[in-house]
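2 protein chains.
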Amino acid sequence: MENWLTKRAKLNPNKTALIIEHSDFTFSELNSTVQLCASKLHNKLHKGQRAALFISNSFNGYIAILALQQLEVEIVFLNSRLSKEELDFQIHDSKADLCIIDDSSNHEQIDKVDTDKILLSDILSLKSDINYQPAAEFHNESVTSIMYTSGTTGRPKGVLQTFGNHFYSAIGTSLNLGINDRDSWVLAVPLFHISGFSIMMRSLIYGIPVYLVTSFNENYINKILINERATIISLVPTMLKRLLNKLPSGSSYNDHFKCVMLGGGPIDNWTLLRCNMIKIPVIQSYGMTETASNVVALNFRDADKKVGSSGQPLFPVQVRITNAKREGIGDIEIKAPNVAKGYLNHQDLFDKKMTSDGFYRTGDIGYLDDESYLYIKGRKDDMIISGGENIYPEEVENTYSKVQGLENIFVVGIKNDDWGEVPVAYIMLNENANLTAEDLKGFGRDKLAHYKVPKEFRLVTSVPTTASGKVLRRKLNTVDYEKL
Amino acid sequence: MENWLTKRAKLNPNKTALIIEHSDFTFSELNSTVQLCASKLHNKLHKGQRAALFISNSFNGYIAILALQQLEVEIVFLNSRLSKEELDFQIHDSKADLCIIDDSSNHEQIDKVDTDKILLSDILSLKSDINYQPAAEFHNESVTSIMYTSGTTGRPKGVLQTFGNHFYSAIGTSLNLGINDRDSWVLAVPLFHISGFSIMMRSLIYGIPVYLVTSFNENYINKILINERATIISLVPTMLKRLLNKLPSGSSYNDHFKCVMLGGGPIDNWTLLRCNMIKIPVIQSYGMTETASNVVALNFRDADKKVGSSGQPLFPVQVRITNAKREGIGDIEIKAPNVAKGYLNHQDLFDKKMTSDGFYRTGDIGYLDDESYLYIKGRKDDMIISGGENIYPEEVENTYSKVQGLENIFVVGIKNDDWGEVPVAYIMLNENANLTAEDLKGFGRDKLAHYKVPKEFRLVTSVPTTASGKVLRRKLNTVDYEKL
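Protein sequences appear in the order of chains A and B. If you're matching positions, the first sequence starts at 10 in the working numbering and goes up one per residue. If you're matching positions, the second sequence starts at 10 in the working numbering and goes up one per residue.
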């Protein structure tokens, strides 16, 4: 297919593409700005290379992403909440040729990483490279984005997402929601997540405006949703609750508002009821980095009658349950053209997650009802979802294994009204150890994104295990403990 | 992707899929009926075979098409207006394993063809084959439909259309029009044409109802468009004019009506003005059998300001003009995932129509304005478009070359208010020939679809030629003639 940005600039030059605070940009203006940025970047990067991108939700970050696509440079999206050590790993694991840093982000951690770096402002002060030419086409099979996910074993792995992945993802969503050119999408989730980046790609594919929210200010977002012609917003449960809590009583969103697309974990019924009362439709959805956003979603008509379900597989998506046990609950497997190409440097590990007939083993557990609505019941592993971010206990435990005096640590999620879940740690200390909870939190914050650091350390003398000695994390909440 | 029909039956079992006269069928009912038909057909046909299908716009015809897709049998769509000889050629050229005939069609011509045939009613009286299993998936690269097109040289060629061609075609249109699940499409063009078949495929992909019109009765169609919640209708110019002429004065279409999708040749400004006055939006479009329906279309906003244009290339489509001469007019070339896979048995001829960088040479001539709107200016060859059907003068002339006493015949299109163009013939007779216009029309009707038979025979003594002796068909209208 033709380059999505230049194509859209030809189809809808005068239509609004991006609204950020009090400025808005047409597709033609967006394209010109991106091309200028790309021509400057071309001094540093060229087709086939790979750039790590450290951005916040900023105008420059938005432009930089699109500019790297124009150059046919693969983008390694760095989560700006990661620690120095985590960033270091991802930059070096991906062999990024250059690391680009958004000035407006909090770049303290990335500044410590020893790699070839450049500030976005420094790129913009370069001259345009006269040899620059934008990509003529975006090829379905070409990788455009790499996003790291952790997992139960080993280090985080870079998920290879192609243009085709993003295209089919966007099309699956439009066939479900019925997008038209009067729609617009509020982007209040991180640009470096698939949730945010996929909205950018939809904007190009559908030809609709994005409201880019630079920081999650509830009053500001509510104001957009009440006063502007914004029709869709993607949120995780925490964010939705924060918006509802600040919504002026008696008010609801604008008459054209279509829905909240809700991902990143389960939502409580009370919040759904509140939304229902003030006529804010909530479309629950299910997707992951490996499927380039949503693969399953509810639709408007079913929102009431299928409470608790993530919905039906989108049109290009197949979902099946294998190894089903009682009540049909089993492993959720996905086949879809939006399933990623693989893991960077670890194709073997990705292939292990694929069945011989092309289904991706999600690691989630659930069931399909007799009308093929999916209900998520948990994880095969012990992944914690906190405010839409995935946390693997094993990664946190491995990090802490280096702490002297700490004999054992087991991390689990506990329910939390604000974040859905938060991680807490059950620990055993060596006899002479002299560690405080502050010591342990401090250690974690140096090594891990802050959302991964246990919010509480619980001292125990024993832990429940299986007969073979494997720790049963799910039973840790039954153990007596003393708060450290 | 999962089988589109079974998928849609799972996603929207209770939604209306098909409305035909006073009956309507949900996707679940449609699926059950199709599966029953397919299980019976399985006695005669199996995966990998090819069936020729002779149908009218009937319920059974609709079901048969979908049933053959379930069996993974390639469908050769026969134009029911073809002569016995033309049908014979297509059935044998395609090596169809079976020819299926719709009882409700006028099947006089096909009955004369010597081939393995079966009536749809006879299939329905068979027992179901218990070994039948519907296709699990529809593969983008698999051929599902074969439609014959004539051309300037040689016999008609079967265009190989894949599921992927139809998918991208449907998506291109939905991204342009903004389809949602309250839309519906009136199918009043032939099912055996890409114009009709593509509406069936869109119905499955979008999950919207089709109003199937069995015969083109203006009052009936106007009634649907006035009284029902029908939102889109595909028409060729002749049909649109017939509907407007019968539209009760003072009335227009229902409040939800979105547009007439107009294809199959140019439209006059007077008709567009009439539509504009009574608020019937007309979306002009451009496509062909080789591109599995539309590749270029106007959108609502531009209908007024770009009168005479076919619109902009749809999102997955690239259009370029090569060999441009004055005013930028040149050859129209198309690159898109909906360009067909090739010609059956004649891949070499198809490959000749493809450029080395993957563009298809349409044979049409036109230009793109500076906002990339396409204007069609004609054909490189002398193809005539009459009531939406393509007529190649060479094919008609070759057929007539066997008539004794006819020394020369040159066929051209002349303007006609009802049909856009109709074919007329300029002829020279041998000295002693004793041929009447009726003789010549009768001969043509035996050998050719009736719409291809010249409406008038004009006796001339000389024809304009180039210096090298090639006849200039376009200048024939300047020659003195005597009506035969």
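Hint data in this document are derived by calculation from the structure and do not stem from the laboratory. Values in this document were obtained by computation on a predicted structure and should not be read as measured data. Some hints could be false.
All copies of an identical chain are treated as equivalent in the list; a pair is satisfied when it fits inside any one copy or across any two copies.
Said to hold, decoys possible - Calculated pairs, DSBU-like style, for lysine-lysine (alpha carbon to alpha carbon, straight line, at most 35 Å):
id, residue 1, residue 2
1, Lys93, Lys56
2, Lys315, Lys411
3, Lys350, Lys361
4, Lys24, Lys267
5, Lys104, Lys255
6, Lys424, Lys104
7, Lys121, Lys232
8, Lys19, Lys362
9, Lys314, Lys267
10, Lys334, Lys450
11, Lys411, Lys24
For each hint, the structure was consulted:
1. Lys93 with Lys56: within (28 Å within a copy, 57 Å between copies)
2. Lys315 with Lys411: Neither. Shortest intra-copy (46 Å) and inter-copy (70 Å) distances fail the 35 Å Cα cut-off.
3. Lys350 with Lys361: Cα proximity of Lys350 and Lys361: in one copy and across copies (13 Å, 34 Å).
4. Lys24 with Lys267: Both, since 20 Å and 21 Å are each at most 35 Å.
5. Lys104 with Lys255: Neither: 44 Å inside a chain and 69 Å across chains, both beyond 35 Å.
6. Lys424 with Lys104: Neither: 38 Å inside a chain and 66 Å across chains, both beyond 35 Å.
7. Lys121 with Lys232: For Lys121 and Lys232, the Cα distance exceeds 35 Å both inside one copy (38 Å) and across copies (72 Å).
8. Lys19 with Lys362: Close across copies (27 Å), not inside one copy (41 Å); limit 35 Å.
9. Lys314 with Lys267: Classified as both: same-chain Cα gap 18 Å, cross-chain 30 Å, threshold 35 Å.
10. Lys334 with Lys450: The answer is neither: 39 Å in one copy and 73 Å across copies each exceed 35 Å.
11. Lys411 with Lys24: neither (55 Å within a copy, 59 Å between copies)
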